[in-house]
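If you want the building blocks of each chain, they are given just below.
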Amino acid sequence: MTIQELAFKSLDYRKKILKYIKLANAGHTGGSLSCIDILNILYNEILNVLPHNFSDKNRDRYIQSKGHSVEALYVVLADRGFYPESLLETLCQYQSHFIGHPTKKIPGIEQNTGALGHGLALSVGIAIAGKMDRASYRVFTLLGDGELAEGSNWEALMAASHYELDNLVIILDYNKLQITGPNKEVMKLEPLSPKFEAFGCSVREINGHDLASIKQTLQDVPFEKGKPSLIIAHTIKGKGVSYMENAIKWHHGVPNDAQYQQAMEELEDRIINLQTIVPQ
Amino acid sequence: MEKILDLKYTYTEKKDTRSGFGDGLLEAGRNNPNVVGLCADLIGSLKMGAFQKEFPERFFQTGIAEANMIGLAAGMTIGGKIPFTGTFANFSTGRVYDQIRQSIAYSEKNVKICASHAGLTLGEDGATHQILEDVGMMKMLPNMTVIVPCDYNQTKAATLALVDHHGPAYLRFGRPNWPIFTPSDQKFEIGKAIKMIEGKDVSIFATGHLVWEAVVAEAMLREEGISAEVINIHTIKPLDEAAILESVGKTGCAVSAEEHQVNGGLGDSIAQVLVRNMPSPLEYIGVNDSFGESGTPTQLLEKYGLNAENIVKAAKKAISRK
Numbered sequence: 058m059t060i061q062e063l064a065f066k067s068l069d070y071r072k073k074i075l076k077y078i079k080l081a082n083a084g085h086t087g088g089s090l091s092c093i094d095i096l097n098i099l100y101n102e103i104l105n106v107l108p109h110n111f112s113d114k115n116r117d118r119y120i121q122s123k124g125h126s127v128e129a130l131y132v133v134l135a136d137r138g139f140y141p142e143s144l145l146e147t148l149c150q151y152q153s154h155f156i157g158h159p160t161k162k163i164p165g166i167e168q169n170t171g172a173l174g175h176g177l178a179l180s181v182g183i184a185i186a187g188k189m190d191r192a193s194y195r196v197f198t199l200l201g202d203g204e205l206a207e208g209s210n211w212e213a214l215m216a217a218s219h220y221e222l223d224n225l226v227i228i229l230d231y232n233k234l235q236i237t238g239p240n241k242e243v244m245k246l247e248p249l250s251p252k253f254e255a256f257g258c259s260v261r262e263i264n265g266h267d268l269a270s271i272k273q274t275l276q277d278v279p280f281e282k283g284k285p286s287l288i289i290a291h292t293i294k295g296k297g298v299s300y301m302e303n304a305i306k307w308h309h310g311v312p313n314d315a316q317y318q319q320a321m322e323e324l325e326d327r328i329i330n331l332q333t334i335v336p337q
Numbered sequence: 051m052e053k054i055l056d057l058k059y060t061y062t063e064k065k066d067t068r069s070g071f072g073d074g075l076l077e078a079g080r081n082n083p084n085v086v087g088l089c090a091d092l093i094g095s096l097k098m099g100a101f102q103k104e105f106p107e108r109f110f111q112t113g114i115a116e117a118n119m120i121g122l123a124a125g126m127t128i129g130g131k132i133p134f135t136g137t138f139a140n141f142s143t144g145r146v147y148d149q150i151r152q153s154i155a156y157s158e159k160n161v162k163i164c165a166s167h168a169g170l171t172l173g174e175d176g177a178t179h180q181i182l183e184d185v186g187m188m189k190m191l192p193n194m195t196v197i198v199p200c201d202y203n204q205t206k207a208a209t210l211a212l213v214d215h216h217g218p219a220y221l222r223f224g225r226p227n228w229p230i231f232t233p234s235d236q237k238f239e240i241g242k243a244i245k246m247i248e249g250k251d252v253s254i255f256a257t258g259h260l261v262w263e264a265v266v267a268e269a270m271l272r273e274e275g276i277s278a279e280v281i282n283i284h285t286i287k288p289l290d291e292a293a294i295l296e297s298v299g300k301t302g303c304a305v306s307a308e309e310h311q312v313n314g315g316l317g318d319s320i321a322q323v324l325v326r327n328m329p330s331p332l333e334y335i336g337v338n339d340s341f342g343e344s345g346t347p348t349q350l351l352e353k354y355g356l357n358a359e360n361i362v363k364a365a366k367k368a369i370s371r372k
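Protein sequences appear in the order of chains A and B. One rule links them: number in this note's numbering = place in the first sequence (from 1) + 57. One rule links them: number in this note's numbering = place in the second sequence (from 1) + 50.
Keep in mind the hints are simulated off the structure, nothing from the lab. The model shown is predicted, which means the values in this text are computed figures rather than measured ones. All C-beta atoms in this analysis are idealised placements derived from N, C-alpha and C, irrespective of residue type, glycine included. There could be a bad hint or two in this list.
[As the list claims (entries may be wrong)] Under 10 angstroms between C-beta atoms, here's a sample of chain B residues computed to sit facing chain A:
hint	residue
1	E107
2	A124
3	K159
With the hints as extra help, turn the sequences into a complete structure.
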């Protein structure tokens with residue numbers, strides 16, 4: 058896909074995330090909007106995962122450690138044909154399979170996640186199994202910044218480095234806000250890049266909303282032989298909706314009717330603007 | 051005392067149940083190339099050295115990072131492996147409960163959590179390491195199978211059986227040398243209790259090391275004219291309810307015996323079965339809401355009332371309540 062086509066996707070995904078959160082009257086809005094560009098590139102450009110090959114041993118594995126941003130994942134998987142999008146109308150409702158955190162009952166999802174600090178160790182385990190089998194698949198995992206306070210992540214990084222897992226790609230959705238407030242007030246993370254390097258990762262920092270940059274960086278993995286690749290993706294919580302951006306209250310806020318309409322209009326305007334740009 | 055008793059089972063050798071695990075794991079590794087071992091810096095204590103030596107490419111040292119070990123094991127199942135994790139029972143359960151809950155039990159991952167040094171018989175190290183709550187924590191988890199074998203042979207057989215059992219499992223064993231009184235060629239059937247001794251006055255349901263104590267208690271009771279039935283509940287979950295009901299249906303009362311807290315242990319599970327189906331007197335042999343302490347296994351089992359003499363007393367009390 059061209060970057061312009063991918064940009065359309067991102068805007069469309071954002072609209073859908075808001076649509077289904079609004080319908081469900083629940084969901085993790087800000088975090089889904091901050092990671093959606095990353096998921097867009099992963100599922101449309103990088104992962105060799107489609108409904109027909111989801112049981113293939115050599116499929117790439119994606120583990121979403123920041124499970125609360127599940128709306129982003131549900132929307133992307135529907136777009137990739139894993140299930141009809143209309144099923145998302147049941148999001149978070151009684152007896153729906155589309156519960157508030159990723160569940161492997163949903164086609165396309167590898168593992169139940171959502172309790173923070175579990176996804177990275179799990180991904181390290183998958184990557185070790187891949188190395189044992191000399192398999193071609195890669196393991197991608199998306200971490201939230203708040204969950205880096207969980208010590209389990211650092212245990213897992215030690216093991217990823219110890220076992221030289223260059224088939225592991227760790228992406229940090231670094232939107233710098235968590236449920237209570239800014240990371241730097243809740244539990245300071247910086248200096249982050251040197252920390253990851255000290256734990257044996259090959260680190261790159263990117264703008265997590267620059268689709269071309271995300272794509273190029275993910276195509277470059279592994280960054281170094283024998284090391285896990287770690288991408289610090291600088292993002293904006295609530296990205297794409299003016300009043301949600303960098304606002305703590307939208308961690309899991311549901312827009313009211315007027316707010317919803319404004320959000321949709323803003324996203325529509327950007328779609329129209331994109332259409333006026335002639336692809337090069 | 052044991053020597054003058056007319057025991058229904060005898061032994062010529064004592065060995066630790068953890069060695070049954072280690073030898074079982076080695077054999078499992080030979081039988082199935084997907085079996086992998088993980089250990090959090092306790093290779094010697096868990097007797098995993100032979101597996102490590104023969105299959106270095108299938109063995110993963112995780113360092114003293116038990117939570118990470120559990121997460122790695124869960125991930126390895128997504129890569130098609132059958133991971134056996136090894137550390138002490140307290141670090142295998144309480145320390146990593148959330149990892150087990152989220153990444154193994156809820157996610158139905160085919161991980162075998164293998165736990166040594168369980169209970170008081172760990173001995174000298176004392177209360178920090180003598181977990182007495184692990185069975186309770188594990189049996190509460192949906193999807194989890196909980197196995198507590200009674201001797202070296204049974205632990206080895208249980209380890210091998212777990213390879214062919216698909217799903218999360220907790221295998222609990224211990225440190226001390228213990229009589230080997232079950233056959234070396236036994237077939238281990240998960241969820242199927244073993245009637246060790248037939249009797250008619252009282253049912254003794256024992257698990258782990260205390261199965262041997264129950265065998266000794268049966269001989270002591272027989273000398274007093276009391277006929278005890280001894281049943282080895284090696285699988286605490288799923289519990290063999292039919293075997294329990296059949297036995298108590300005949301004897302009318304029961305004793306549970308385990309190296310674990312009374313709260314949340316085997317006795318609790320048996321009580322549920324009896325209360326729902328056949329309310330009957332039940333006496334509990336177990337640790338009564340207390341932590342352990344240092345001492346030899348024999349000293350500690352005596353102090354906390356987890357030996358044959360106390361099973362005899364409990365059996366008489368159960369009979370008197372009929």
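Hint check results:
Proximity of E107 of chain B to chain A holds as hinted, the smallest CB-CB distance being about 7 angstroms (cut-off 10 angstroms). Against a cut-off of 10 angstroms between C-beta atoms, the interface hint on A124 of chain B holds, since the closest Cβ of chain A lies about 5 angstroms away. At its closest, the beta carbon of K159 of chain B sits 8 angstroms from a beta carbon of chain A; the interface hint therefore holds under the 10 angstroms criterion.
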